[in-house]
Amino acid sequence: MERFFKYSLTILISMLAAGEFFQVIMRYILEIPVMGLEEILVYPTLWLYFLGSVNASREDTQIKANVLDVFINSDRAKLIVRVFADLMGVIVSFWFTYWSWDYFRYALKVWKESPTLYIPTFYAECSFFIGLLLMTTFALIYLIRNIGKLLEFEKIEKFEQVEQGA
Amino acid sequence: MDIVTISLISLGILVVLLSFGVPLPYCFGGALMFMCSFGGGTMKGTMAWGFSQLANPVLLCIPLFVFAGAIMSESGIANSLLRFVNVFVGRFRGGLGVVATLSCAIIGAISGSGLTGVAATGPLLIPEMEGKGYPRGYATALVANSSILGLLIPPSVTMILYGWVTDTSILACFLATLGPGLLITALFCIVNLVIARKFPLILDPPKTVKETAKEGVKHTSRALPAMIMPVIILGGIYGGIMTPTEAAAVAVVYGIPVGFLIYKGLTMDAFLNAAKNSATAVGSIMVMIIFSLMLSQIFVMEDVPQALVEGIFAITTNKVLLLIIINFLLFFVGMIVNDSTSIILMGPLLLPLMNAIGISPVQFAAIMGVNTAMGGVTPPYASILYFGMRIGNAEFRDVIKPAMILIGVGYIPVVFLTSFWPNLSLYFPSLFGY
Amino acid sequence: QAKTLKVSHVRPQDTAIDKDLRWFAEKLEEMSGGNLKAKIYPSSSLGDFTVVQERISLGAIDMACQPAASAADKRFQLAYFPYMLKNWVQAKKNYGVDGPLRKVVADLYAEQNIQLLAVYPVYFGGIALNREPASPGDPNAAKGIKLRVPPLKTFQLLADNTGYLGTPIPFSDAFTAVQTGVVDGVIGSGAEGYYASFKDVTKYYIPSNTHFEVWFLIVNKEYFDGLGDDLKKQFSDTASQFEDHRWTTAEKDQAANEKRLADYGAKIVPITDEQIATIEEKIHKTVWPAVLEDVGKEWGQSILGSIVK
Ligand code: NA
Ligand code: NA
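So the sequence lines, in the order shown, correspond to chains A, B and C. Mind the numbering: the first sequence is residues 1 to 166 in this note's numbering, read in order. Mind the numbering: the second sequence is residues 1 to 434 in this note's numbering, read in order. Mind the numbering: the third sequence is residues 1 to 309 in this note's numbering, read in order.
Isolated chain A (complex conformation):
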């Protein structure tokens, strides 16, 4: 999995750099600007954005602004907050995935084409649904994992209470 993301993301971002570089060379040095390059680059760009975000979900490195963190000290409370956050994330992500599915079907039906090269835009548009589906999946995995941790935590605490009681 790590290898897949490493290579695919490298290829995508390098394509953008190579494409723009090629444009400068062609226009400034050879004076033959390349038509339609911009619309080709839309495809790797969209996939870069969504696969990049999927990878952030996979690595659990999506940007977070956890303000509550400043006020909470106990590990258990932190874990509860985390499970709540994960749950909210999964709900919203699921909702978005539903709408991106709606968009996926729409794009498939309308089958738009890019303005000069007539490449079907569906191949970029479908990144929305596939990206969100994967993001939701990873969010769900972390939710389950953290619920597991929380249950474990409760068990240990109960166990400790029992021990103290005895």
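There's no promise every hint is true.
Stated by the list, open to error - Far from chain A, by Cβ distances over 10 Å, these chain B residues were calculated: (1) Asn79; (2) Val194; (3) Thr208; (4) His219; (5) Thr220; (6) Pro225; (7) Pro230; (8) Gly235; (9) Phe260; (10) Gly265; (11) Glu310; (12) Ile325.
As the list claims (entries may be wrong) - When the alpha-carbon atoms are kept at most 25 Å apart in a straight line, the in silico DSS-like pairs for lysine-lysine are as follows: (13) B/Lys44 <-> C/Lys39; (14) C/Lys103 <-> C/Lys297; (15) C/Lys221 <-> A/Lys109.
Said to hold, decoys possible - The following label-pair restraints were derived from C-beta to C-beta distances: (16) A/Glu31 <-> C/Lys309: 38 to 44 Å; (17) B/Gly131 <-> A/Glu31: 43 to 49 Å; (18) B/Thr42 <-> C/Ala106: 25 to 31 Å.
Bear in mind the hints are in silico, worked out from the structure with no lab data behind them. Positions of the beta carbon are idealized from the N, C-alpha and C atoms, including for glycine.
Chains B and C with the ligands: place on chain A using the hints.
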């Protein structure tokens, strides 16, 4: 319930989700979900709108600058540049912070967006500053805040939009934000020098001018291939050879052989990691941006900004009071929509009022410019600050306090100076006959 | 309770189209006795015209007055063939009531679940430069001038076949690109568009009639078909008044915009009808066949053949 109340509730949801540490895209998504369930918004066609926003080439310079920044820092190019700079500023307390602010201002100068400064300089400067004893949170906050200068030092996309929607000269608008931009740059440098006195910084021993010169010469040959990089970027853009987006790509293509062959910092593995990490940072910020844009699109469709303005106009006709209210209004609108949307909606809406109280369209360009730029670092919609956190690998709790200090002493005073001291924004345009 | 229709357009507030649409909204409300209301969204604040057209066909936005977008059907490109119409009289014959081009566009829209209500003629296009033009009347002279072209095949071919170097630059970078000299000028719009977005960098304007810019007042078809007969008639009548008014003002509006450019410091480059005819002839031979290929040769030919001279 009226639409303003519903919008406020959705903002409340956004803040709650944010506080609980829900990933940012889903925070905006949650507010959007609420607006669509109770606020009359619809997701029908909104995804297609979002797609067209993401496919807009105006965003393309962000991944490229992030990648260029990562390659520079992995390859050893950044390192040799920083060693060279360190010869001159290394012994001054706070010197590196000043370098950070100025680099962001310069990178910002060439691009039209607020994100490029963080993207290009964050991967280099944040670790370097931390290595010299600055707290990571502070370094991130400083770089992110300085990065907004990209919107104030010309060219800038927001001023192009403002000129278009208000039928004002775009060149005059560019020049209008220059004064406030330079003032903020100066304020950040000073504030940094003051704050840096508290930090346990690692400083070089004092040197004579002769020693400095000698060391400078020594480092120059080593830094020369690296120094060509900024020359390519700045020269390429100001020489009319390429656009900022293309310049970022050229920097990437130049950095790869230089990193592999001259500085040897780049290995295949380091390169792959740099690319993957750049892509991941870009992906997470872009998905956040797109969800927040969809949310602001729903606000636009439901006429929330207009409703706000109508509510506020009835209050007073006093010029000073009105200007203060308008600054707050712009700040508030900056919380629910991004900079471009804010300009497109609020510019034409407020301009007649500005004319009535004797504020020229050019000065108002600066007022809007400074306010919307500041919106990029003030939560909940603080895309540039969040992006800085991602690039600088810093936590919100560590970043927010220094960020607030910088906003408080850097932006807020300039926001009010821009409103009440016309020459700050009108001086540069007047030099060019506007 | 009356529904308030959302109407999008692509220009800022207080421009000609904005004022005309506001008039339309007022009139519509008045004619329908308050049963039809419309709210105007200027400056593409609901999205660019391509996405707005999609959103109208979905019913998420109700109306717009804007160019026809060819993403969902490339045959829409035919509306903007370069050097297809010569002057205002001919434009009205072909896009006015019962005009052949109007009918074509209406049919294409209908396939997208969109009803064409009115045609809004905008201008005949030209070229804006920030350096001195080089033999602007001779399409065969290589000019060594880089022109920013919009991402549309017709304009790219047009630039290349009139001796310019067509250069694709994103619109967001275009102003700065002209200012720094990455490109020397812009093609694809007219005096009105250049005044709005490029006036600071337009030193010369060549009114070479590159194409006939026309926008369309459109509404979601399902919504329109669902209206009662009375409302439908009020709707259509208001739309035709809106259109009639524009046909009487469009030519003057174009002249006014050229004058605004000139007053702002641009030199209007004189170009004769003969020179335009030479360019036209070349474009018909070089550009048309290529674009006809894309829209479907037979279909395209039949429509070009039906154009009223
Ligand atoms: Na800038
Ligand atoms: Na903000």
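To see whether the hints hold, each was checked on the structure:
Look at B/Asn79: its CB is around 21 Å from the nearest CB on chain A, clear of 10 Å, so calling it non-interface holds up. Every Cβ of chain A is farther than 10 Å from the Cβ of B/Val194; the closest lies at roughly 25 Å, confirming the non-interface assignment. The Cβ of B/Thr208 sits about 44 Å from the closest Cβ of chain A, beyond the 10 Å cut-off, so the non-interface label holds. Against the 10 Å criterion, B/His219 stays outside the reach of chain A, whose nearest CB is about 29 Å from its own CB.
Residue placement check: B/Thr220 keeps its beta carbon more than 10 Å from all beta carbons of chain A (closest about 28 Å). The Cβ of B/Pro225 lies farther than 10 Å from every Cβ of chain A, with a closest approach of about 18 Å, so its non-interface assignment holds. The beta carbon of B/Pro230 sits about 17 Å from the closest Cβ of chain A, which is more than 10 Å, so the claim that it is off the interface holds. The Cβ of B/Gly235 sits about 12 Å from the closest Cβ of chain A, beyond the 10 Å cut-off, so the non-interface label holds.
Residue placement check: B/Phe260 keeps its beta carbon more than 10 Å from all beta carbons of chain A (closest about 14 Å). Every C-beta of chain A lies more than 10 Å from that of B/Gly265, the closest at about 17 Å, which supports listing it as non-interface. Against the 10 Å criterion, B/Glu310 stays outside the reach of chain A, whose nearest CB is about 31 Å from its own CB. Against chain A, the non-interface label of B/Ile325 holds: every CB pair exceeds 10 Å, the least being about 28 Å.
For the hint linking B/Lys44 to C/Lys39, the alpha-carbon distance of about 19 Å falls within 25 Å, and the restraint holds. Under the criterion of a C-alpha separation no larger than 25 Å, the hint pairing C/Lys103 with C/Lys297 is consistent with the structure, at around 19 Å. The hinted pair formed by C/Lys221 and A/Lys109 meets the criterion: a straight-line CA distance of about 18 Å does not exceed 25 Å. A/Glu31 and C/Lys309 have their C-beta atoms about 39 Å apart, which keeps the hinted 38 to 44 Å range intact.
Hint check: B/Gly131 to A/Glu31, Cβ distance near 46 Å, so the stated range 43 to 49 Å holds. Our hint of 25 to 31 Å for B/Thr42 and C/Ala106 holds, since their Cβ atoms are close to 27 Å apart.
Going through the hint list in order, the structure satisfies each hint without exception.
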